[in-house]
Structure formats: structure tokens, C-alpha cells
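Once you've looked at the hints, go ahead and assemble the two chains, each given alone in its own frame, into the complex.
In order, the protein sequence lines correspond to chains A and B. So for the first sequence, the numbering used here puts the first residue at 1; every next one is plus one. So for the second sequence, the numbering used here puts the first residue at 1; every next one is plus one.
One should not assume that every hint holds.
Facing chain A, from chain B, some residues (calculated, C-beta under 8 angstroms) [what the hints assert, rightly or not]: (1) LEU33; (2) GLU34; (3) ILE43; (4) LEU47; (5) VAL146.
Quick caveat, the hints were computed from the structure, so don't treat them as lab data. Since this is a predicted model, take the numbers as computed values, not measurements. Even for Gly, the Cβ is constructed at its ideal location relative to N, Cα and C.
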Amino acid sequence: MTLAAAVLLASAGPARAGVWGEAGVVRALTGDGADAVDLLARVPQPTRAERYFRAVALDRAGFRPAAFGLWAELSVSDGAFSGPALEELVKREFGRARYDRVIASYEAARPGRLTDPAGLWYRVGQSYRMLGRQQEAAEALARVDGGTFLPYALHTLAQIRFEQDRHAEALDLLAEAIEAAPPPLADRIRLTRGRVLYQVATGLSDLTPQARRRALATARAQFDRVGPDSPWYPEALEGMGWCDLELGAAAAALAAFGLAAERDPGREPLYLWAEGRAYEAAGVPAEAARWYGRARDRARAAAAALEARADRPEVAAVWRRELDRIRPVARRLDTLDARLEAVSAALVAREGALARRAGRVDRAEAGLAALGAELGRMSEGVGAYLDTVPLDVLVPRQTRPRVSALSARHRGLDREADRLYGAAEALEAASPGAAQGLRDRLLAVRQRLARARAAFLEGLRQRVSARQKELAARIAQEREGLATVASSVEGVREALEEAAARVGRARQALRGLRGRIEVVRGKIEALRAEAQAQGRRATRERLVAEASRWRRRADLYALDETQALHLLREGRP
Amino acid sequence: MRRFWTLAVAAVLLLGAGAARAADPVDDYDARLEEIAREVEAIRKDLEAVAREVAWAGMAQAFVFVERPDPAWKDRPVEVRVDGARVAVRRLLPEEWELLEKGLAVEVARVWVAAGEHEVWIGAAGGEPDGAARLEAPAARPSAWVAAAGEGEVEWRVE
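Only chain B is shown next, with the shape it has when bound in the complex (with noise of 0.2 angstroms):
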């Protein structure tokens, strides 16, 4: 009788862990899982300069961020124009949100643009687009397009 309660009360209770196994398989899996990754990231760049020579030839990278919001923002998706075409709408996650209102930037959208001067604009989604700013996207370099909004307008600069 004692026998089968000792074993009860030595059964484990444990949170979070997985159930014991060989290691070996699990770095296998790792190792291959990373060359997959690998792979992946190798086939992204080439693609992304076959895509520089040929389709976008001439054309920038411009990567828009937010590092203060529009309280607006919040409930609302939040839209970027360049040259008054929208190239993104999305909604900021909460956990985003949390961010931003602890000071960090975010990225809302990545452009490719022809290299020169745009017209830009962010704001809620359906708003009218009045005060765009003109911002470079030179060629040569990716450029971060930072927003801040203040008192009923966006201050921007150029990184």
C-alpha cells in the first residue's frame, strides 16, 4: 500500500517544461530548421536584387515609421500616401500601441519609390490628405521616413 503512495507523492508537478527526451533529434531538428532559415534569407536577398536590377531599376527604398502617434491613430487604421496613391493602411496592434507610448518607433510600411522628392502623407485611414510633406528617397540607400504627431499636424524627417 505505502509503495503506490510514495510514488504519489513523488509525482511531478511541473510548469512550462516539456516531457524529458533525447536531445539529439532536437538539435538536428535546430541545426536543419536554421539551414532552412538560411536558405530562405539567401533566396529573399537575390530575389530582392534581381527584382533592383530589373523591375525597380531607378526606383528607393523608403521605410515609413511612427515614433509618436495621433491619439486618433488608435482606433482608426492608419494610412500612408506617397504622391497621393495609398501604398498602405494597416491598424496598429495594442502591443504596438504599448510600444509607441513607451517611446519606441514602429514601422508601418515599406515603399519603393522612385529615387527623388515625394509627397507624403500618414493619417487615419479615410482622412483627408492636406499638409502631405515633401521627403528625399535618395537611390543609393534604404531611407526612414520618421513621423511624429504633434498639435493637428505630422512633423517628419528624414534618417
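Extracted from the complex, chain A is given alone in its bound form (with noise of 0.2 angstroms):
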């Protein structure tokens, strides 16, 4: 119904839903509710059908008075979807045996479109007739016209028109019944119209005998189509029992009995007492009372065993459809529990990389604290350090050839002067003022010589004095650099320190979500074995009534018994 649903939803054109919808429309049709519920959820303004499709959805995932809810608002108001939203009421309140809601939604329902008229009518028809009333089952079944429920609603209508002896109608019912239902159910139908026959010719005492003779020839016949194969066959074969003795055929009615005594142990005792009916009609009492006495027997027994079963109960199939739907909700648990160990693990490598990371802050702390050591010193110790820093690397690199190159220009005029000093020595006795003018003139040379290597020291002192500066500018610069990234760090070690809070929460919340998840498997398996115990009381109660049933049934048969046995000794046949 629900695939039908869809269709009209994606004929329905320009009103079609967005693509969060859509999609949601298809997981609630193929897959899992909730991922469904999650779809449907993101679309802003749902439509009706949206509605109807998270009712689907809901009703997947365990949100079944949710679902319902949903289902009931639409099915009540005029607009698209109030059919199918009917026909889900319906379609589960039915199969869970709640006949008096099914008829109260379709009672209140405004229902437009339907996508399978036949299941709504059937189901409504059904429910009427299990609450007794017969005109509005009637009325409902009457409407089914086509498709599986066909053959079952031509049989319940067969049945009201027989309770209301409109007879003739019931057979034709049943007949277009037996035509339109599949083989094993057609020969369930068979059966009813055999008996049908079987009353109408028995029970009504206006039929003249001729009349009823063929009445039975035909229910007989109807039995007779059941084929040795059905599974309904020992029931025909105590129908065509049935009608052999009314025909006074007691030897055929045995034969028949017999032969659905072997094939049908499940309900022997009926036909053995039957046996005993009919060894009673043929007059031989003696038979009748040990036949009756059987079917006491075997109808205790068969009351004893189902009492033995309603010790150690199944769960009954109406508990099993609901211990189904707890299975997607118990899977959707496990996987959270597996996402959340995945989520533990992702949170165990996240720590893992915020342990590195303060690792690393702490050694560039370390780092940072040694280099503004060695700042510091450097600071104290500018002099110091530039006492043993080579002159030539206090002038820029490209001058340092020429400055090396005066320099040796400088070394070698004093050798040259000192040389033509002793000249000057050895002129002196030779040319006295020679050797005078040669000596001033050296002297004059020596002076501009003293005086340029004074300027050229001038120099380096005051090149060394802007160095001494401009290192100390440098190692501020440094040190304001080195307090900005120490800064930077206590940041990072900060937001470090954060993250790892955070982490500690999340693994807080983590156990806190893992402690909910055993609550609420724990919730899930108290609630599985409260719908087992239900089931296996119901079948306790069916079961205990079933045996009930078999002992009232055996104490019939004991007084068939005691009757039999009185006519036997009285003498009579």
C-alpha cells in the first residue's frame, strides 16, 4: 500500500517534494526508519504526503503512537493522503485483532483516494461483523470487488446472509467465492458450502423428502470436489460422512469417518464419535458405546496434551510481529554503540595528538627560555664580544680587501721608511745635509703615515661604536620577538589546554552515553521478555481453552456413551 503511496506521490507533479523528502519517502519505503525520520525531518515546511511518509518512517523506527497520531490528523481532513493514511490505521489495528478502533478511525476518517479500496473494505467489513454488526459488514464487504481479499469477504457475506436464511444467496456467494479463490482456500470454501447444503437440507423441515435427498447428493458433491491431496480433506470426508448418513448409507459414513481419523490425528475424537453416531443410526449400540467411549478417551487425552503444551508455551505469532519490530530499534542501539566506540577511538587519537603537540610547546618553551638566556648575556657582554670579533669583520665584507690592502700598503711604507733610515745613516757622513733633507722628508712621510692610520682607527672605532649599537638594537629586537612568540606559545599552550578540557568532557558525555546505551538495552530486554511472556500467556490461554473445549467435548461423548450403553442393555436398537 505504501509503494502505491509512493507512486502517487511521484505523480503528483509540481507538488512534489524537494530532494530531502524524496529521498526520505524511499528510505522510509526500503530502509531504515529512523534514517528516514532524519531525512524527512530537514524538510522546512512538509507536505501531506511528507506527513504520511514520516508516519511510515515513525512507524519503522518504533514510533508507533507517534505514527498513528500522524496518520489519524491526515486521515480526518479533506486533502491528499487521507485515504492511505486510513488504510495504514486500518491495515495494522486490524492485524492486531482491534476491531473496535479500526471501526472508529474509518468512522471518522474523511478518506479521498484510496490505494487499495479492497484491503479498506474487507478489513472495515470484517471488523463490523466481529463487533456483530451484520448490516455494516454487509454493507463494507459488499464493496470489495476485486483482488486476494475477494474469495474471504464472499465467504463472510456467505455466512451473514446464511445467519439471516437468505440461503439460495449464500450458496451463489460461496459459489463465486469457490471461483475466485486460489486452490487450497477454495476448498476451504468448498467445505462451508458443503455444509451449507448439509444444513439447508437437514434443517429446514419444508423440503419434501425427493427435495432432500438431492439437497444432500449435492452437498455431498460439493464435498467430493476436495481433492485427496487438500488439506482439508478429512473435513470433507466427514461432510460426505455426514450426508452418507443422513442418506442411510451407515456403512459409507464409517468407511468416510475412518479415513479421516487416520488422516487428521489432530481431530480424531470428532470423527470417532461420529463413528459412534453412525454405529448408533445402524443400530448396533454395543459399537456405538465402545466408539463413544474412544472418542472420550482420545478427547481427554488431546485435552491433557494441549494442557502439557500450555505449561511450556510458544510465544504466539501475534507477540512474535511484535517482538519484530523491537529488532530495528535494538540494531539502530548496537550501531550507535559501535559509532560511539568509534567516536572513544577518534577522541583516543585526538588525545594522542594534543599530548604531541604540548610536547612540542614545552621544548620550544625550553628553547625559548635558553635563547633569552643567551640575549641576555649577549646584552650584558656587547664589549666583550666585539674584543674578540676580528677588526676586519667590523667593516662590510666588500671593503675588506681594500681595507686589508691599506693596510698592507701601510706595513710595507714603515719597512721602506726604516730602510731609508739607514740609508739616511750611511749618508750621513758622505753628505751631511743630504742625508738631513732625506731624514726631515721621512719624517714628514712617517707623520702623514701616523696620521692616516689615526684617522683609519677613527674610523674603526666609530664603525665599531654603530655595530656595538646596532648589535644591541638587534638583541632587543630579538628579545621583543622572543617575548611575542613566548606569548604565542602560552596561546597555543592555552587553546591546548582547552581542547584537552574539551576532550575530557566529550569523554565524560561518552560514558554518560554509554552507561544510557546499557539502560536502554537493558529497557529493550525487559521489554522483549515482558511481549514473551505475553506471548507465551496467550498461547497459554488458547491452548487452555482449546482443552477446555476437548473436555466438554469428552463429557458429551461420555453421555453418548451412558446412552448407548442404556439403549443396549434395555434391549433396544
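This is how it looks when you write it as C-alpha cells:
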């Protein structure tokens, strides 16, 4: 029905849902209900169609009351999907045998277009019948016009007509139902038709003996159409036996009942009792009493077997279906548990990354501290530092060759001057005046050299002073930079501490979630156990009721036995 | 004799109906199952919040939808790649295919990626991942990457 509703949605054209809604619809129909709920929840203003499919998804995800609420809202208001919403409600309530709710939903609804009208009318009709409202039941069932439900609807309608003494109509409806039904079901309906014919033959006093015989022969023929391979064959044999008995063919009846008892041990006491009836009809009370006695014993044994089963009952099918609804919720919880483990693993990895980063920050801080101390030492000892520096590193690299060449030239000039002084000493004896002149010139040159050297040194001094300032400025700058870096590192450390705190909170949250998962798992187990207990209780009640029916039958069979024995003692056939 | 047959004719023949029983345990069961489902949903949301804060910080969620499939995807699984890495491989169910043919979009993957632009490719599993599209995944909200297969290529849009 829901797939048909999806087709309705797809054919809606311009009013069709957006991609979130569409994918939600598809997921609601084919996959996980909770995922579908998630997708459909992202649709900002859901249409009636999306609300309908949201209910489908909610129902799949275990939110049945919420789903029923949504469908009920849609079904009682005019507009698209009011029909499919009613169909969903009716289908589910009918499946749980809550016929009063089926009817309440139906009577409150304003259904528009339906996706499976036959299914709806069938369920509504059957519900009316189960509530004893035969007229409304007949009206609804008469609207089933085809499909799987048609033979069932016709069968029930025939029962209603039979109860209203409209026998011919009932027989026609059953004939129609047989035509519409697949083989095993057709055989089951043949049984009902044969029984109706039998009732008509034996229950209507105004039939002539010939008409009665014809009706019984027709009933027998109806039973006879059920083949030996059919699961309904034993009951058909039983029907033939009763017809044979009414037609005075006790031996044929006995044969039919005997074969039925062989083929259907579950109903054996009924067939044994029928054999007793056949013997009684044939005027053999001793045999009748014997078969009634066997029927009584088998009925008591059947009751005892059912009571023994009632001590260890299985879960009733209806509760097994309810238990199946727990499965997707439990599976989702398992998925969350696995996801929680994955998040925990991610958290551990993140903690490791944070620890590694913290280690790097520690090392960076230690390095910064060492660098700071070094810069402090450098700042205090710039002069001393300069003492250790070769002079030529104080001048720019490109001028260093020129400075070296000048120094070499100075040294060369000094050596030349010394040599010329020696020559002036040698000249003293020969020409004191020339020697004096040479000495004067040498002195003047030396003075110029000394001045040049002094200027050079003054230049160096000034350069050293500028360099010292520059170095001090550089050190100050580095210290400033170091302080900035230290502050950044501090920021990083704070961020890391914050991240670590967040991870800690997350870890705590995960611990809480793990606890909640365990609590919910416990609730699921408790609900499962209770549903199983309910299912066993339902089975037990059914078995006990069935056993009680067998015991009542056993009592009736005992009465028949007593009566047959009495007849035997009286010597009457 | 007639007593037996009258009962037999009146036997109920119901399709798809459960056995009649008291209604209360079912209502109680429904309510409790719904309560459990709500708790599971609340756990999912809380877990997602934790994961987003810690494990997926700076990440974005993207849903990959197909609204028009390539016929080749009917027989082979569909593969989704993000930045060259395979993030999902799955076969479209026959029911999904039917609904796709009716024009409804189908979700094929949901992924967490770093917020920003990504190269996204969809095609038959094992195919050559050429012609990847660059799609945006903003951190603020989940994105829908919608693929529509055309003549030899896939057109994408982001919602």
C-alpha cells in the first residue's frame, strides 16, 4: 500500500517533494525508519505526502503511537493522502485484532483517493462483523470488488446471509468465492458450501423427502470435490460421512469417518464420535458405546496434551510480530554503540595528538627560555663580544680587501721608511745635509702615515660604536620577538589546555552515553521478555481454552456412551 | 448433530487478522517501545554532538543523492568517491530503482568531509573516476549533493 502511495506522490507533479523529502520517502519505504525520519525532518514545511511518509518511517522506527497520531490527523482532514493514511491505520489495527479501533478510525475519517480500496473495505467489513454489526459488515464487504480479499469477503458475506436465512444467496456467494479463490482456499470454501447445503437439507422442515435427498446429494458432491491432496480432505470426508449417514448409507459413512480419523489425528475424537453416531444409526449400540468411549478417551487425551503444552507455551504469532518491531530499534542501538566506539577511538587519537603538541610546546618553551638567557648574556657583554671579533669583520665585506691592502701598504711603507732611515745613516758621513733632508722628508711621510693610521683607527672606532649600537638594537629586537613568540606559545598552550578540557568533557559525555546505551539495552531486554511472556500467556490461554473445549466434548461423548449403554441394556437398537 | 454443523458454518475465515485479545498490553507495549526509540534517538543526537565537537571539528556533513541514474547502475553497485577516496559502494535495491524510475531521489551515501570544496565522483563500481565535479560542503549545515546522470556524464547540483 505504501509503495502505491509513493507512486501517488511521484505522480503529483509540480507539488512533488524536494530532494530531502523524496529521499526520505524512499528510505521510509525501503530502508531504516530512523534514517528516513532524519531525512524527512529536514524538510522545512512538510506537505501532507511527506507527513504521511514520515508516519511510515516513524512506524518502522518504533514510534507507533506517533505514527498513528499523524495518520489519524491526515485521515480525518480533507486533502491528499487522507485515504492512504486511513488504510495504514486500519491495516495495523486489524492486524492486531482491534476491531473497535478499526471502526473508530473508519467512521471518523474523510478518505479521499485510496490505494487499495478492496483491502480497506474487507478489513472494515470484517471488523464490523467481529463487533456483531452485521448490516454494516455486509455493506462494506459487498464493496470488495476484486483481488486477494475477494474470496474472504464473499465467504463472510455468505455466512451473514446464511445467518439471515437467505440460503440461496449464501450458496451463490460461496460459489462465487470458490471461483475467485486459489486452490487450497477454494477447498476450504467448498467445505463451507457443503455444510450450508447440509444445513439446508437437514434443517428446513418444508423440504420434500426427494428435495432433501437431492440437497444432501449436492452437499456430498460439494465435499467430494475436495481432492485427497488437499489439506481440507479429512474434513471433506467427514462432511461426506454425515451426508451418507443422512442418506442411510451407514457403512459408507463409517468408511469416510475412519479414513478422516487416519488422515487427521488432531481431530480424531470428532471422527470417532461420528463413527459412534454411525453405529448408533445402524442400530449397533454396543459398537456405538465403544466408539463413544474411544472418542471420550481421545478427547481427554487431547485436552491433557494441550494442557501439557500450556505449561511450556510458545510465543503467540501476534506477539512474535510485535517482538519483530523491537529488532530495528535494538539494531540502531547496536549501531550507535559501534559509532560510540569509533568516536572514542577518535578521541584517543585526538588526545594523543594533543599530547604530542603539548610536548612540542614544552620543548619550544624550553628553547625560548634558553634563547632568552643567551640574548641576556649577549646584551650584557656586547663589548667583550666585540673584543673577540677580528677587526676586518667590523667593516663591510666588500671593502675588506681594500682595508687589507691599505694595511699591507702601511706596513710596506713602514718597512721602506726604516730602510730609508738606514740609508740616511749611511749618507750622514758623505753628505750630512742630504741625509738631514732625507730624514726630514721621511719624518713628514711618517707623520702623514701616522695621521692616516689614526684616521683609519678613528674610522674603525666609530664603526665599532655604530656596530655596538646596532648589535644592542638587534638583541633588543630579538628579545622583543622572543617575548612575542613566548606569548604565542602561551596562547597555543592555553588553546591546547582548552582542547584537552573539551576532550575531557567529551570523554565524560561518552561515558554517560555508554551508560545510557546500557540502560536502554536493559529496557529493550525487559520489554522483549515481557512481550515474550505476554505471547506465552496468550498461547497458554488459547491452549487452555482449547483443552477445555475437548474436555467438554469428552463429557458429551461420555453422555452419549452412557445413553448407548443404556439402550443396549434396555435391549433396544 | 446440527449443533456441530452450525458451529462449523460460522467458523471465522479471516485474512491478515490477529487473534482477539486484550488491548491494554499492546498499548503499553507501543508506548514503551516508543519511549525506547525516543531514548535511542536522543542518544544518537547527543553522540553526534560530541562527535561533531571533538572528532569532526571543522567538518561538514554531505548527503549524496541520485535523482536520475545511469542505466549501468542497475546491474552494478554504485560507487561514490570524494577527493579520490572511495566513501561508499552499494547496490541500488530493486524497490529503490523502481522509485528512481518514478522520479524520486534516492540517498546513496552520507559522509563527513572537511568543510570546503571537494572533488566528487559517482559511477559504477570499479569504473574510471574521470570527470569528478568540484562541490562545496559548508560547515554550517548539511549539504545535499544531487547527481543526475545524463548522456555519458553526471550533472551535479548542491542544495
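Evaluation of the provided hints:
Because the smallest distance between the Cβ of LEU33/B and any Cβ of chain A comes to about 5 angstroms, under 8 angstroms, the interface hint for this residue holds. A hinted interface residue such as GLU34/B counts as satisfied when its beta carbon comes closer than 8 angstroms to some beta carbon of chain A; here the least separation is about 5 angstroms, so the hint holds. For the restraint placing ILE43/B at the interface with chain A, the shortest Cβ-Cβ distance is roughly 6 angstroms, inside the 8 angstroms limit, so the hint holds. The closest approach between the C-beta of LEU47/B and any C-beta of chain A is roughly 6 angstroms, which is under the 8 angstroms cut-off, so the hint is satisfied.
Taken as an interface hint, VAL146/B checks out: its beta carbon lies about 5 angstroms from the nearest beta carbon of chain A, inside 8 angstroms.
In summary, this structure violates none of the numbered hints.
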